[in-house]
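*Asks:* The chain contents come next:
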Amino acid sequence: MKKLAPLALGVMVGLYATAEFYIPDWHVRALTSELQSWAAVIAAFAYVLGGVNLIQVNYPKIKRRERDWGYKVVMVVSAIVMLIAGIKWHKAFTAAPGGMVATATGGLPGKARVVIDAPDDVMVKVGAASAAPARVAGKAFELDVDPGKVSVRVYRRIGGFDEFTTELELQAGQIATVKADPAMLWGTQGRVYVWLYDHVFAPCNATMFALLAFFVVSAAFRAFRMRNLEATLLLGSAIIVLLACAPIGGAISDDLLDLKQWILDIPNNAGRRAIMMGAAIGAITTSLRIILGLERSHMGAD
Amino acid sequence: MPDRSLPAEHWTDRLQRFDRRWLFLLMGLAIVVPLIFPIGLPIKPTPMTKAAFNAVEELHAGDVVLISLDLDPASTPELEPYYRSVVLQLKRKGVKIVVVSTWYQSPPLMERWIREAIDAPLAPPGTEGYSGAPDRAYKKNVDYVYLGFREGKEATILRMGNDLRGTFDGHANDGTPLDQIPMMNGVKQLKDFKLLVLVSAGFPGAKEYVQNVQARYDLHMVASCTAVSTTDLTPYFQTGQLEGLVGGLAAAAEYETLVGMRGTATAGADVLNVGHLVVIFAIVFGNVIYLIGRRNARKRGAA
Numbered sequence: 001m002k003k004l005a006p007l008a009l010g011v012m013v014g015l016y017a018t019a020e021f022y023i024p025d026w027h028v029r030a031l032t033s034e035l036q037s038w039a040a041v042i043a044a045f046a047y048v049l050g051g052v053n054l055i056q057v058n059y060p061k062i063k064r065r066e067r068d069w070g071y072k073v074v075m076v077v078s079a080i081v082m083l084i085a086g087i088k089w090h091k092a093f094t095a096a097p098g099g100m101v102a103t104a105t106g107g108l109p110g111k112a113r114v115v116i117d118a119p120d121d122v123m124v125k126v127g128a129a130s131a132a133p134a135r136v137a138g139k140a141f142e143l144d145v146d147p148g149k150v151s152v153r154v155y156r157r158i159g160g161f162d163e164f165t166t167e168l169e170l171q172a173g174q175i176a177t178v179k180a181d182p183a184m185l186w187g188t189q190g191r192v193y194v195w196l197y198d199h200v201f202a203p204c205n206a207t208m209f210a211l212l213a214f215f216v217v218s219a220a221f222r223a224f225r226m227r228n229l230e231a232t233l234l235l236g237s238a239i240i241v242l243l244a245c246a247p248i249g250g251a252i253s254d255d256l257l258d259l260k261q262w263i264l265d266i267p268n269n270a271g272r273r274a275i276m277m278g279a280a281i282g283a284i285t286t287s288l289r290i291i292l293g294l295e296r297s298h299m300g301a302d
Numbered sequence: 303m304p305d306r307s308l309p310a311e312h313w314t315d316r317l318q319r320f321d322r323r324w325l326f327l328l329m330g331l332a333i334v335v336p337l338i339f340p341i342g343l344p345i346k347p348t349p350m351t352k353a354a355f356n357a358v359e360e361l362h363a364g365d366v367v368l369i370s371l372d373l374d375p376a377s378t379p380e381l382e383p384y385y386r387s388v389v390l391q392l393k394r395k396g397v398k399i400v401v402v403s404t405w406y407q408s409p410p411l412m413e414r415w416i417r418e419a420i421d422a423p424l425a426p427p428g429t430e431g432y433s434g435a436p437d438r439a440y441k442k443n444v445d446y447v448y449l450g451f452r453e454g455k456e457a458t459i460l461r462m463g464n465d466l467r468g469t470f471d472g473h474a475n476d477g478t479p480l481d482q483i484p485m486m487n488g489v490k491q492l493k494d495f496k497l498l499v500l501v502s503a504g505f506p507g508a509k510e511y512v513q514n515v516q517a518r519y520d521l522h523m524v525a526s527c528t529a530v531s532t533t534d535l536t537p538y539f540q541t542g543q544l545e546g547l548v549g550g551l552a553a554a555a556e557y558e559t560l561v562g563m564r565g566t567a568t569a570g571a572d573v574l575n576v577g578h579l580v581v582i583f584a585i586v587f588g589n590v591i592y593l594i595g596r597r598n599a600r601k602r603g604a605a
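Respectively, the protein sequence lines represent chains Y and L. Our numbering applies: residue 1 is where the first sequence begins, and numbers increase by one. Our numbering applies: residue 303 is where the second sequence begins, and numbers increase by one.
What the hints contain is simulated information worked out from the structure, not anything from laboratory work.
Simulated DEER-style distance windows between Cβ atoms:
#	chain 1	residue 1	chain 2	residue 2	range
1	Y	VAL115	L	LYS441	22 to 30 Å
2	L	LYS493	Y	ALA210	33 to 41 Å
3	L	GLU311	Y	GLY236	25 to 33 Å
4	Y	PRO60	L	ARG596	47 to 55 Å
5	L	VAL335	Y	ALA30	57 to 65 Å
6	L	LYS441	Y	LYS179	17 to 25 Å
7	L	PHE583	Y	SER297	46 to 54 Å
8	Y	PRO203	L	LYS493	35 to 43 Å
9	Y	TYR22	L	ASN487	29 to 37 Å
All C-beta atoms, glycine included, are put in the ideal place defined by N, C-alpha and C.
With the rest of the complex left out, here is chain L (with noise of 0.2 Å):
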């Protein structure tokens, strides 16, 4: 027998207590859906991807630009496609690379990420859905040179900042000395590149570039960053410090639909499109249910 004595409980209280789970499924087909039927809302670039294409834009063949992948696996999502369209654009420019990191979690992955994007064309001539300039396969300590990842964090910034040959022992990853490598000649520290080029997961990243180096040596860069650090960054971009930034995935769809080259971040904006509304609808939801819910207990107190 129900207890009589206890008021009976509203129907706010119940779907307060509302299995998670449901949302969790909600959510689980918000990202799967939107794969399978993708929607295609155009995308428009907004200032900050525009500034960051434009930094890249201005170079010229032969420039050389510093690659930072400080990176794991978790954030290639939002990252690589970011990273693959920047290499294409650098590429089809035909603007020297050098490629470092300050995360120890990175080096499989990007030593992965150059075999594929920098070694192998992006966009060889007849790619479909792409009518930009195509690009060619990089020879290794020619076209570019893979430093590989050092530890010491900020130590390891400041000291590239002052002395990048010291700081990877005079050597490429392989072992060429710097010194074999005509596209290394006149680069001694972080300001003999033209730009630096940050894909940044979090500590150490752009922010530690920025604060460590950036003013400094009166460097150049863009930086690529996830969704979450974006709010973290957009001072150094109203600053100047930073001349362009690509945050998350939604950032990395509008730089690809610059570069002209429909990637993962493209198809993945779509996704972005129903997941957000999905939050959106849990937010207004929940607060619909509180709102009533206070409203009810207030009744019930006065009564």
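Same shape as in the complex, but just chain Y (with noise of 0.2 Å):
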């Protein structure tokens, strides 16, 4: 039962995957939606698992101080801190309102007034009018409207940070002043999040794929050889598509970019559509034999 169980169930998911396709009806559309959305839940139930992986991998050899212990220390410390940081505390912790309108009389005549009291580093943003710092040399921002309805946005400038926005129904001679302190967020959108984002992750990730550059010009120097004709060939190709990729390509002939978009739509579609297709044919393979029940490995079987 505890083979036959998730085969059964295997084969009949692969078999209504595969069927759903031609079958143009709503009800298989909804149920199809849902197994989707079931996909979906699964994917990211594959992180809580990597979690408990992480930690599972790297807690004993942090214990036992095996080889680069150190580096398996920053990684756990790392996806600690980021799990942390994507948890919405403020959700839990703070209920305040993100600001206060008060009204009162006064300003120019036909006209309506918005302040806006707010710290320095926030932003305004008042109806069609451009977005303005509410502070300039400690004197908080006044506007002139026309009467009516008036959108009001105050945001700080660096995101991670609550926003307040009100509409204002204003009548002539009003004032109305907006009070708002847009407060620190947590989660994917918090502060927190962001800056480790930005300043960790970013360059980090950004320095990773940047290194190629210098591996390339290693790799072009040491290895790319005209060892045989084949390697000539592919050497000769390299040059042009190199060549014709960057606008200096188009500065020494127009022929060049013609020679580059022949050697990508013909030599280079040809050999792409058949490793597409020989990998097609393998996935339809493999998906049958699964649907079929013959390929057990993914359920820990031989």
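Since each chain comes alone in its own frame, lean on the hints to assemble the complex.
*Replies:* In structure tokens:
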């Protein structure tokens, strides 16, 4: 039963996923949508398993002070910090409103006035006017507007903070004072998460990719050799495509651009298609083997 | 005393062991110098880039397009210039925008991109060096909707094709019900978008959109990808499944030229010019040493 049930489930879902492609009925579409949402939930749950696995694999190595254990500490601590930063703590601990509006009379005749009482690093957007700092040289932002509806948005210059938006209904001679101090958010849109993303993850990620330029030039010098006819053809194509993929190619000759396009369209596409079709046939074969219960390695069996 | 019994080392052998840090230095200079002293060679748009531009030009005010930002910070230099150019093109045409992602690394990056390029005007009247129509700041949930990220990779793409609202629980990322957003009226599946703009750095991305939903729902798509993925996606351009393809920084510079707003890709095009020449130099230099060394080895063998 332990083997039969998952096998039967795999066969049923596999057959359904194949058949639904050919059944244009809304009942089928609704069921498919439900199954696809399950797939998304399963994929999301893989992160939980990944987190548990990360600890299971690395903790014993750190405990035994195995080789490079220091890097593993950095990895585990980074994962825990990002997990903590990614939780929306502000929803659990703060319920304060983002801002408040008070109205009074005064101001220019025939006009209404919007006054923003907010810290220095806050930006304000009132109606269609351009965004402006909430406070310049200690003076609060003021704007005279036509009576009627006017939208007000108060936000911080940097991401990761709450924002206060409101729609005011103003009459002539009325002064509306909007008091707002957008609070710091937690979670994936919060300040800590965004700061770590911008100042740690993004530079590390970009650095790894940028190193490619140096590896490519080193590999081009050491490994790209005219050892035989095939390698020579590859090398010639590479030089043409490299030249034509930069504006200098067009500056040398338009024929070079045409030659590059020919290389991409004919030999490259022929090779790509062969690989894609081979991979697709392989995927169909494997899928059929799973659906028919012939392939069981995904269930932990041979 | 040198060992006279061994043959003297040929100069090509010494060059084969050439310290590669000199090449790194040369590549570093090739990247930095053109940024300080621009060359400014003319940029000629290629057919794939022109096709992508024309696909967006055919849209009308009020049409709704989907932008899928499937990327991470590493691919920003190659993909952000295209994103900014295409957003400017869409905004000046008055096209409504829906933004999604299938990459978990993407949300903080795309939220910043939305703040900088969609929430704020990219080319307000009087922008220096720009002669096209000005754009304006788009209003959230009026002119654009940010749906956010959903895990599931290809499953998410498939589900969006079938049920876009269900995929995002019927809400925009800020919690606004999609039913309350007028521009989302009639947008229930991917086929309800006039165009899909795929800004794609790898898996899942443009390839998965083409394979899973393009043919099934007969979708109109254009894509931008990193230079290394271009050869992966050109077969789909050739078959017409992708109506346009903007591959790498060079093509992004071409797109900037077509849109009429010079940006970081145009500045980076000079880096490409010199950088590619350095790679070609490394290939040629390495092969010259190799061929001379091989000839010398044969001579020594014959002797």
